[in-house]
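**Student:** Chains as they are written, first to last, in the numbering used here: chain A, 3 to 450; chain B, 3 to 450.
Be aware that a few hints might be false.
Identical chains share a label here; the pair holds if one copy fits it or two copies do between them.
Derived lysine-lysine pairs resembling PhoX-like cross-links, with alpha carbons at most 25 Å apart [as the list claims (entries may be wrong)]:
1) Lys57 <-> Lys87
2) Lys250 <-> Lys373
3) Lys147 <-> Lys422
4) Lys88 <-> Lys122
5) Lys423 <-> Lys229
6) Lys334 <-> Lys250
7) Lys264 <-> Lys332
Since the hints were made in silico from the structure, they are not lab data.
What follows is the residue order along each chain.
Number of protein chains: 2
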Amino acid sequence: MQHFFNPKSIAVIGASRDEGKLGHIIFKNFFENGFKRLYPINPNADEILGIKCYKSVLEVKDNIDLAVIAVPAKIVSQVLTECVKKKVNSVVIISSGFSEIGEEGKRMEEELKGIISKNKTRIIGPNCIGIYDAYSKVDTLFLSKERCGRPKKGNISFISQSGAVGSTVLDVFYNMDIGISKFVSYGNGIDITETELLEFLGKDKSTKVILAYLEGLKKDGRIFLEKVKKIKKPIIVLKSGKSDKGSKAVSSHTGSLAGESKIYSSAFKQFGIIEANRWEELLDYSIAFSTQPVPRGNRIVIITDGGGFGILATDEAERLGLLLPEPSEKLKRSLAKTMPTYASLHNPIDLTGDATAERYKIALKECLSSKEYDGAIVICLFQVPTVEEKVVDYIIECKKFRKPIIVCSVGSDFTERQNKKLMANNIPVYPTPERAVRAFHALVRFYK
Amino acid sequence: MQHFFNPKSIAVIGASRDEGKLGHIIFKNFFENGFKRLYPINPNADEILGIKCYKSVLEVKDNIDLAVIAVPAKIVSQVLTECVKKKVNSVVIISSGFSEIGEEGKRMEEELKGIISKNKTRIIGPNCIGIYDAYSKVDTLFLSKERCGRPKKGNISFISQSGAVGSTVLDVFYNMDIGISKFVSYGNGIDITETELLEFLGKDKSTKVILAYLEGLKKDGRIFLEKVKKIKKPIIVLKSGKSDKGSKAVSSHTGSLAGESKIYSSAFKQFGIIEANRWEELLDYSIAFSTQPVPRGNRIVIITDGGGFGILATDEAERLGLLLPEPSEKLKRSLAKTMPTYASLHNPIDLTGDATAERYKIALKECLSSKEYDGAIVICLFQVPTVEEKVVDYIIECKKFRKPIIVCSVGSDFTERQNKKLMANNIPVYPTPERAVRAFHALVRFYK
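Bound-form chain A, shown alone:
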């Protein structure tokens, strides 16, 4: 598996001089990312971006660690056969036009499986966008950087059966300046499937959180679950094709069987997988796990400067079964010392519409240093005129309590500047009270 993510030498089969072609963009990614032992394969070109072109991998004298195939479906079997002859162990097949289009495609997939059946060659794909590794800079994405940003280095890894779901998540992570480790779009997954990829990421040192977008499982579900159970990292799964029509759409997308949604959901729960029910939750939860410690219980305190947002957060917390204990009398007394009489010292703690950074500081310190709470939801609405910008520093300082802190804050420029600073310091910020609470709940689910 290492050659997929850390190849020393790479062949791009179907590399093209035409800037609009997939094969050009993929080759250019490797070229620009500084790979030196790089071999464009194209029988109709002499050189691409100044690099000598070969008619076949068999012409290359160097060993090839990784081959990326981006040629029409009907000649994939031929070039794959050449890869096998060349003893290329790792092959990413970008080309589409296989089982997702019907019987003829299925037959061609079987042919590919036959070609690698008795040797060491392994395949990711076909019908995928392949790999992006923020550390090694392997990048088989045929999407221009203008349209699909590449996230910086971080600790989230992500596998996706769908290229589009994958690329939107990457582009949004890039936009939010959130780092990732490895991304793999494996499409029809005729050889390497979600199970192997998850096992690999489970052992990968730069991966702390694993995301997966699944349409259907490629192999036996029981095996998948048993293997995944052994992984000690948080795994967040978005499973699509849960409805009848959705399930039908799955089969014409990646040729998978979507299966029974209820069976999936209860199996995920049983095997410690955190299920995301919406695209947004995939991102929301990953940001929480990427930055926050796992809580040791489900007792949260909500601290707010907006009463309405506090109530909405409370409603969501109760819906999800999170506990919102009242502060003890002792804790209330410590809080009361420095709070105005009209502040509400229940839970939510309402610092009211003339809240100051100082009030946040005290409320956070007293609650998180006590044994009464396992973490905090901090609703900080900067529309409130009295909240000074230094509240951001106070919140960041509270990381020392080693309990999860999730912030809810939403608005225009002024707010966005504060939120960026929080995010850059590993404090996750959500635009709605409900999403903040759901993210906290995801952390609690993993603790359980």
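Take the given structure of chain A and dock chain B to it, following the hints.
**Tutor:** Positioned in the frame of chain A, the structure of chain B alone reads:
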């Protein structure tokens, strides 16, 4: 009610020279917005921003249409008595420290009610941020424009029991360049309540959609529902305090009783109110209603360039009971003429990862001009390299079919530029397939 939104002369009681004080910001808003018959009331100042200051409204010779009170709670009754004597019919009381803080506050509220009981003076508030009217420029918000943007003119009106929920929505609308007509935060609502405000907005010519954030009803629920039923505009309500803890938090926020959540939800449904279940839905639904025609049925077509997003949208549509009919054979034949063989001509229609603007144009035109669909969800992921920017113009052109079009698109700069253009042309764009479908479903609920 007209004097609240279109006053010719205004007194700001508690106007201050101190830039940090609420009374200063409120006075400055009116001053900067060009109101000429403007009277600051403050016994300790001679002038504010160059305008002559009065010790009491009784000293002002001009008639006063609107008085805004921003003085400490304990002297509100005195200045209100003076307003009554001066025959000011419309009074906004910003001051807090009333029923939300307990018994003493409740007593003071009763006193205020007594003062206006036998005359024409009407009150919005106390414990509120008051009014923002994008047309008349009445602006009692004590929030600086740097922290809380003021939306441009538009057709959405919004009443909110919570100032913070109100100000976040305004700031986000401003940030998204979405226009509004009238905003009212009515806080403890001791006189004018949600019922009267909704009736007024129901008749207001510049209001097409009404939003309401409610914690508890101020008066009899049956009367509220009967009155609201007569309003022919879409009314979107976010009701908080639905959980036990949330309901308790409501009483210490605006002194309301939150009541039974299930009773509310079924009553809303029965009386044609569209309930938002999350803060985000309040915004999402309002944008759809503000821009889109009401569909004549619930048969939608999903058109996508990303298979995964299509499936997620399908799952959500089925969850909500929207219909996703297959295109008829005739429609399929028209589509097939110009689509590649690997495009999936079911529903969702998958234009695949090499989709072009032309394919969107044809799919949209054929589906929306047919009698088979009541509207379209257009998933347009610009990470797909082949989709040209002109797809935006094609989508905008399809407004001519007078059926709702909801777009789902998400990503970084490139995508955001396209989305801005769509939004500026009244095509709503949502960042997730689920939110796009839910917004469509809100339109269908109103049709029903």
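**Student:** 25 Å Cα cut-off: does Lys250 pair with Lys373 within a copy, between copies, both or neither?
**Tutor:** Between copies only: 24 Å across chains, 50 Å inside a chain, cut-off 25 Å.
**Student:** Pop the pair Lys334 and Lys250 into one bin, within, between, both or neither, using alpha-carbon distances up to 25 Å.
**Tutor:** between (56 Å within a copy, 17 Å between copies)
**Student:** Pop the pair Lys147 and Lys422 into one bin, within, between, both or neither, using alpha-carbon distances up to 25 Å.
**Tutor:** Both: 22 Å inside a copy, 20 Å across copies.
**Student:** For the identical chains here, do Lys57 and Lys87 meet the 25 Å Cα criterion within one copy, between copies, both, or neither?
**Tutor:** within (15 Å within a copy, 96 Å between copies)
**Student:** For Lys423 vs Lys229, is the C-alpha pair at or below 25 Å within one copy, between two copies, both, or neither?
**Tutor:** neither (39 Å within a copy, 47 Å between copies)
**Student:** Have a look at Lys264 and Lys332 and pick one of within, between, both or neither, based on CA distance no larger than 25 Å.
**Tutor:** Neither. Shortest intra-copy (46 Å) and inter-copy (36 Å) distances fail the 25 Å Cα cut-off.
**Student:** Within, between, both or neither: how does the pair Lys88, Lys122 come out at a Cα-Cα threshold of 25 Å?
**Tutor:** within (11 Å within a copy, 93 Å between copies)
In this structure, the earlier hints numbered 5, 7 are contradicted, and the remaining ones agree with it.
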